[in-house]
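K.L.:
One letter stands for each residue in the lines below.
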Amino acid sequence: MAYVPEPLPDTNRVPRGGGLLRMLTSRAVLAPIGAVILFLVFWEFIVWANSWPDYVMASPSDLPAAYSQYWNLFLIMGWQTLWRTVVGLVLAVVVGVLIGMAMGFSRTTRDALYPLLVGFNAIPKATLVPIVALLFVGAHDFNTVLIAFMISFFPIAVSVSIGLSTLEPEYRDILRSLGASQTTIFWKIALPKTLPEFFGALKVAVTLAFIGTNLMEIVSPHGRGLGALFDSGKTNSDYPLMFAVLIALAVLGILLYYVVVALEKIFAGWAERTPTQ
Amino acid sequence: MEKLIEIKGVRHAYPTGQGPLPVLDGLELSVEEGGFAAVVGPSGCGKSTLTKLVAGLMKPDTGEVWLHGSRVTSPRSTVGMAFQNPVLLEWRSILKNVMLPLEIVPTKLTRSQQEDRARYLLSLVGLEGFEDKRPSELSGGMRQRASLCRALVHQPEVLILDEPFGALDAFTREDLWQTMHLVKEKEPFTGVLITHDLREAIFLANQVIVLSGRPARTQYVLPVPNTGPRDLEHLYTSEASEMLAILRHQIEVAQGRAPAEETSAAE
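Those sequence lines, one after another, are chains U and G. Mind the numbering: the first sequence is residues 1201 to 1477 in our numbering, read in order. Mind the numbering: the second sequence is residues 69 to 335 in our numbering, read in order.
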């Protein structure tokens, strides 16, 4: 009466590291590049068809000139924007996870904090820029990081709290019946189980953090970051430069997004299911 | 024979907005060492509360729960649990899932001995070759087998099964009944099985306890003779039919659909 397990369906995963050439010609790389090219062609076409001058709407063909003229500024400003965004994001992760844990584990904390958090999140962060700038006069780096943090911690806190509070009681019971402490349950089950939700929120937070950084850079007259470059384009009526800054911001956003995707693959890759036929 | 599990006069109620909701009232249950008790009863009659009491996850309002001669007041590592939902950790391999209790319960086994034990249990339930798979790659029945191995890996004295086969299809369920017999033979345990399936109860257990509707008390205890490994044909003998008829009647009484007779307290 020995049990013979049924054979599993063939779950050949996509081969990893199957040569650089194969990776570069894979659908995952070609499809997004194709979409970007299509988008640029469409943009160029719209500008050309309406015969808009570049002070109404710059076209992609105006951009290379702007980049080659100001390339050193783009590198310096781009780096300033990037590091301040990343620091703000790291801060948002730390604080967001802590708030999320407090709300996920305790109903009282959850009930108490939700209205405060939602209320805070409903305030347009642009209105906080002058407040922060006056509060910490001259601390430009700090202020920028602060705005990036304030705009991006909310989705992280909410997702962590939902992930923790929706943990099926059986998971807890399995460990609790063995005499495990709350800390053990958190590290062995609650934390890893929340990771997919956490990374989902982090993808949202990445783009939000860029918005926060640039809010400060554009409004505050310190001349740092891509936001300041955008502002100088505006004052000098250099419209191609303004558009070039926007595209540079988009590229940085995409870059950081894929960093998050890579981290997600490493830490929460198990949540991804191989499609079955 | 020594009673390994004893529940005496347990009452328990859950607090609700409309005052306490009694779920257990007059629960009596005793299982001798090596015994296997099946608990059946109407839906929502507090069967799962019973498992939490035995596991020490909850304390009864009144009454006592004894395990191996000592009173249960908190969780103890001599208990293994499996639920209808296999609750495997999706980010771990099947082998690492089975080894989870050994990371919590103090054990004398070395790391490689732990792994050997997990591999042995997996082969016992027919999961040899699936050690490195992720839970999501396994079928429902196979996940339940892995969950069973996890419940047994730290050699618990008591195995608590809360409708472990409830979500499986009939054929898979019958396969697992056979596996249970095999496991019980090789890895002896004292068991409490919560189930809705009367055939499962008489096929696996050596006593069937019928609980009344809420609040649940022990309404009827049916001893099952001739237990041990056997094939499914046993369920079609006249002896089995008689036991099933008695149990079915008792369930109807518990549901309030049949009048209680003078035999209702047969113990």
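To be clear, the hints were calculated from the coordinates, so they are not data collected in a lab. Only a predicted model underlies this, so the values are computations on that prediction, with no experimental measurement involved. One thing to keep in mind: the hints can contain errors.
Calculated cross-link-like contacts (lysine-lysine; reagent style BS3-like; alpha-carbon spacing at most 27 Å) [claimed, not checked]:
#, chain 1, residue 1, chain 2, residue 2
1, G, K71, U, K1388
2, G, K71, G, K201
3, G, K76, G, K164
4, U, K1388, G, K201
5, G, K176, U, K1388
6, G, K164, G, K176
7, G, K164, G, K71
8, G, K254, G, K176
9, U, K1393, U, K1465
10, G, K164, G, K201
11, U, K1465, G, K164
12, U, K1388, G, K127
13, G, K164, U, K1393
14, G, K201, G, K127
15, G, K127, G, K71
16, G, K252, G, K176
17, U, K1465, G, K201
18, G, K71, U, K1393
K.L.:
Now, for every hint given, state plainly whether the structure supports it.
P.N.:
Okay, the hints, checked on the actual structure:
1. A threshold of 27 Å between alpha carbons decides the hint, and for K71(G) with K1388(U) the separation of about 35 Å lies outside it, so the pair is violated.
2. Under the criterion of a C-alpha separation no larger than 27 Å, the hint pairing K71(G) with K201(G) is inconsistent with the structure, at around 40 Å.
3. A distance of roughly 38 Å separates the Cα atoms of K76(G) and K164(G); the hinted pair therefore is violated under the 27 Å criterion.
4. The straight-line distance between the Cα atoms of K1388(U) and K201(G) is roughly 19 Å, inside the 27 Å bound, and the hint therefore holds.
5. A hinted pair counts as satisfied when its Cα atoms are at most 27 Å apart, and K176(G) with K1388(U) qualifies at roughly 21 Å.
6. Taking the CA atoms of K164(G) and K176(G), the gap is near 18 Å; set against the 27 Å cutoff, the hint holds.
7. Taking the CA atoms of K164(G) and K71(G), the gap is near 34 Å; set against the 27 Å cutoff, the hint is violated.
8. For a cut-off of 27 Å, the pair hint linking K254(G) to K176(G) stands: about 21 Å separates their Cα positions.
9. A distance of roughly 14 Å separates the Cα atoms of K1393(U) and K1465(U); the hinted pair therefore holds under the 27 Å criterion.
10. Of the pairs offered as hints, the one joining K164(G) and K201(G) holds, with about 10 Å between alpha carbons and a cut-off of 27 Å not exceeded.
11. A threshold of 27 Å between alpha carbons decides the hint, and for K1465(U) with K164(G) the separation of about 20 Å falls inside it, so the pair holds.
12. Between the alpha carbons of K1388(U) and K127(G) the distance comes to roughly 26 Å, so the proposed pair stays at or under 27 Å and holds.
13. Restraint check for K164(G) and K1393(U): the C-alpha separation of about 15 Å stays at or below 27 Å, so the hint holds.
14. For the given pair, K201(G) sits about 38 Å from K127(G) by alpha-carbon distance, which is inconsistent with the 27 Å threshold.
15. Taken as a hint, the K127(G) and K71(G) pair is honoured in the structure, with Cα atoms around 20 Å apart against an allowance of 27 Å.
16. Taking the CA atoms of K252(G) and K176(G), the gap is near 23 Å; set against the 27 Å cutoff, the hint holds.
17. For the hint pairing K1465(U) with K201(G), the CA-to-CA distance comes to about 18 Å; that is within 27 Å, so the pair holds.
18. Only pairs whose Cα atoms come within 27 Å are accepted, and K71(G) paired with K1393(U) is rejected, the gap being roughly 39 Å.
Violation of the numbered hints given earlier is confined to hints 1, 2, 3, 7, 14, 18; the remaining hints are satisfied by the structure.
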